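Participant: Below are the chains, spelled out letter by letter.
There are 6 protein chains.
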Amino acid sequence: MVYITRRERFNAAHRLFKADYSDKKNLEIFGKCSNPNWHGHNYELFITVKGDINPETGFLINLTVLRDLIRKKIISKVDHKNLNLEVDFMKGKYTSTEVLSVAIWNELEKEIEQLGATLHCVKISETENNSAEYYGE
Amino acid sequence: MVYITRRERFNAAHRLFKADYSDKKNLEIFGKCSNPNWHGHNYELFITVKGDINPETGFLINLTVLRDLIRKKIISKVDHKNLNLEVDFMKGKYTSTEVLSVAIWNELEKEIEQLGATLHCVKISETENNSAEYYGE
Amino acid sequence: MVYITRRERFNAAHRLFKADYSDKKNLEIFGKCSNPNWHGHNYELFITVKGDINPETGFLINLTVLRDLIRKKIISKVDHKNLNLEVDFMKGKYTSTEVLSVAIWNELEKEIEQLGATLHCVKISETENNSAEYYGE
Amino acid sequence: MVYITRRERFNAAHRLFKADYSDKKNLEIFGKCSNPNWHGHNYELFITVKGDINPETGFLINLTVLRDLIRKKIISKVDHKNLNLEVDFMKGKYTSTEVLSVAIWNELEKEIEQLGATLHCVKISETENNSAEYYGE
Amino acid sequence: MVYITRRERFNAAHRLFKADYSDKKNLEIFGKCSNPNWHGHNYELFITVKGDINPETGFLINLTVLRDLIRKKIISKVDHKNLNLEVDFMKGKYTSTEVLSVAIWNELEKEIEQLGATLHCVKISETENNSAEYYGE
Amino acid sequence: MVYITRRERFNAAHRLFKADYSDKKNLEIFGKCSNPNWHGHNYELFITVKGDINPETGFLINLTVLRDLIRKKIISKVDHKNLNLEVDFMKGKYTSTEVLSVAIWNELEKEIEQLGATLHCVKISETENNSAEYYGE
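Just so you know, the sequences run in chain order A, B, C, D, E and F.
Per the working numbering, residue 377 is the first one in the first sequence, and the count goes up by one each step.
Per the working numbering, residue 377 is the first one in the second sequence, and the count goes up by one each step.
Per the working numbering, residue 377 is the first one in the third sequence, and the count goes up by one each step.
Per the working numbering, residue 377 is the first one in the fourth sequence, and the count goes up by one each step.
Per the working numbering, residue 377 is the first one in the fifth sequence, and the count goes up by one each step.
Per the working numbering, residue 377 is the first one in the sixth sequence, and the count goes up by one each step.
So here's chain A without its partners, still in its complex pose (with noise of 0.2 Å):
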């Protein structure tokens, strides 16, 4: 069994906050996170997938294909958009990078199995200090 991992970046504006509580009371709780106007990021997706090698083509899984899933299914509905307003596997969600790392296994566990792989890890950086891990249970 190998892993192999590819990144994809996406540009994004998003905000931490309870629809129900006051800008007030979501700046004590989710800090400058909060801004009502937005803010953004370069996020960084890491998307990990494992199984055995094809002996007839030396791949786990051909990444030119892994990578049109990723941004077919994820890129094109997060990269320059707002991660609470626009994205449909976000709605209702908030958008931490831990919920954001959940939804998106969501989104390409049953895509990745049918292309003969397992998806192993989906991780995000939010910043160069910031990240999350989603390993599916």
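Source of the hints: derived by calculation from the structure; they are not laboratory data.
One or more of the hints may lead you astray.
No copy is singled out in the list; a pair is fine if it fits within one copy or between any two copies.
As the list claims (entries may be wrong) - Dumping the calculated DSSO-like pairs for lysine-lysine here, alpha-carbon to alpha-carbon at most 27 Å: (1) 467 x 426; (2) 486 x 448; (3) 400 x 426; (4) 486 x 400; (5) 394 x 448.
Because the structure is a prediction, the values reported are computed rather than measured.
Given the coordinates of chain A, assemble chains B, C, D, E and F onto it according to the supplied hints.
Facilitator: Below, chains B, C, D, E and F alone, put in the same frame as chain A:
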């Protein structure tokens, strides 16, 4: 004459658009950067100053003082903010990286003069692929 | 269960040596790292914690709280310090990256428990080529 | 048990292809990576070993010894070489990052055992976006 | 006058050698870079252009247009190619980073003029340790 | 005229202070960098040289020769050393990044002249946030 550079970072939302254009026309001119719901970036700001080394300290300028100045005059105003809506020195301006570089130059030039150094360059990296520099002329 | 990682940095001096060996013998065993006049590094510290997402906040743990804990318990004690001479939790220990990882784990494990999360990994990068990880067992 | 990782780099040419396929068929399966005139990469190799800290040295393993082993057994054979034509342990194999990871594992596993540690992971980054990992099973 | 820089990447094989020298003599002069079976790199190309900000757009030049130009004129010709054998603008030239920088300058200078900007610098990083820059004179 | 840059790295201890000041006064002026027990850094040194491309080799200068010169004249003297106590060309000088840049310029300028190139810039990164450059005047 020596040059020293201080890097600071800020995370902000922005949008490239002209207010009297339709969303459609803005999309034609500014592409996905015109998204009405904003997007955002992890900006890296590099401030380069020049001058002579002070023989009493071995410094061109105390980097802690330079850091504090950049944070007070720039970072506190742009970090976790919306560059189009909330930044006094960007009011009425495009928020392209070029324009932002010039605007930050204008905020810092005299302040750095008062520290006994000369502002040499404002460089802003918007993504790992795109950056702008301004040298004051 | 999700994982989040916070990176912090510190700049410190250190030396690899055994007090009851001669400088010559220390040089044989520890190479240039045994220089009696010290050398130093820009250390990068990656603290990974794991646990469940709190449905009230969308956080596993508030990263600002985690950052403040790491800075209070670790960074304030090691940054711009001599790891052999000045750090309480390194007294009498080798200052190799491996030993440092274990020592930082021991400083943080219970503190992170009190924040409602579980310490998963302490990773330290000493240079761009060398790093150590400790998972608590 | 602790883990330490050493990074080494090598620059090599390679090509993904099957000898009994036409260039056209290789292009269909392997894309631009099948270019008959080769292409190349700056590969980054991360070797992670695990084991107990030696109380006499504070080391899991002397990183200089690990570095020299990696350079002797791997880097000297692949750096500034053609992976398909010139590397003994890649003869008759696909030169995908996955296959390369497994092959390097097999070259190093016993050697590292003799140093008193256990090989844990071979990771290879082919580009800033693509990498593979192998854990020996 | 402002400066903007666009980074693009390409992976290519090459060899430093003089055709009328023996492999032995090429090895003496060019070292391991003369390997007759080629080696390769992940090249990073930084194109810096300068000019005035267009008050209608806030741009010196639309970065998407600049990106497309670089990809059409340069990247499509060098990515996953052999720099010595397959690149029209490198025919009969050494493929050192210096020579490559000058050659790319000559391919882009007039094209960028037609976009309303002036080419300022071509920078190429061959490895994390080596790079070349050309400013057109 | 082209420019080439070689990066080398060194890990060193240092301290910012004036010998005839008290530790307290040094702390006031130099902050935590004045710690009497030293601290240290992973320094990155970027040496840029300029000149014409030799039509016989395609090189401005052989990078291996430049690398060996930097290692012999600079790195061997500063790596795993104490910049204040052990470096001949820093004796009696402040060890700020600015002063270090000028001192390294003076060590290399004539040596590079003898290689047939001209030293253009000495750049030193002390941390990911701080760097200094010197251009010889």
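Participant: For residue 394 and residue 448, with the copy left unspecified, which applies at a CA distance of at most 27 Å: within, between, both, or neither?
Facilitator: neither (29 Å within a copy, 30 Å between copies)
Participant: Regarding residue 486 and residue 400, is the shortest C-alpha distance of 27 Å or less found within a copy, between copies, in both, or in neither?
Facilitator: Cα proximity of residue 486 and residue 400: none, with 41 Å in one copy and 32 Å across.
Participant: When no copy is specified for residue 467 and residue 426, does a C-alpha distance of 27 Å or less occur within a copy, between copies, both, or neither?
Facilitator: Cα proximity of residue 467 and residue 426: across copies only (25 Å, versus 29 Å in one copy).
Participant: Have a look at residue 400 and residue 426 and pick one of within, between, both or neither, based on CA distance no larger than 27 Å.
Facilitator: neither (45 Å within a copy, 29 Å between copies)
Participant: Up to 27 Å between alpha-carbons, please classify residue 486 paired with residue 448: within, between, both or neither.
Facilitator: Answer is within: at 14 Å inside a copy they meet the 27 Å cutoff, but 36 Å across does not.
Violation of the numbered hints given earlier is confined to hints 3, 4, 5; the remaining hints are satisfied by the structure.
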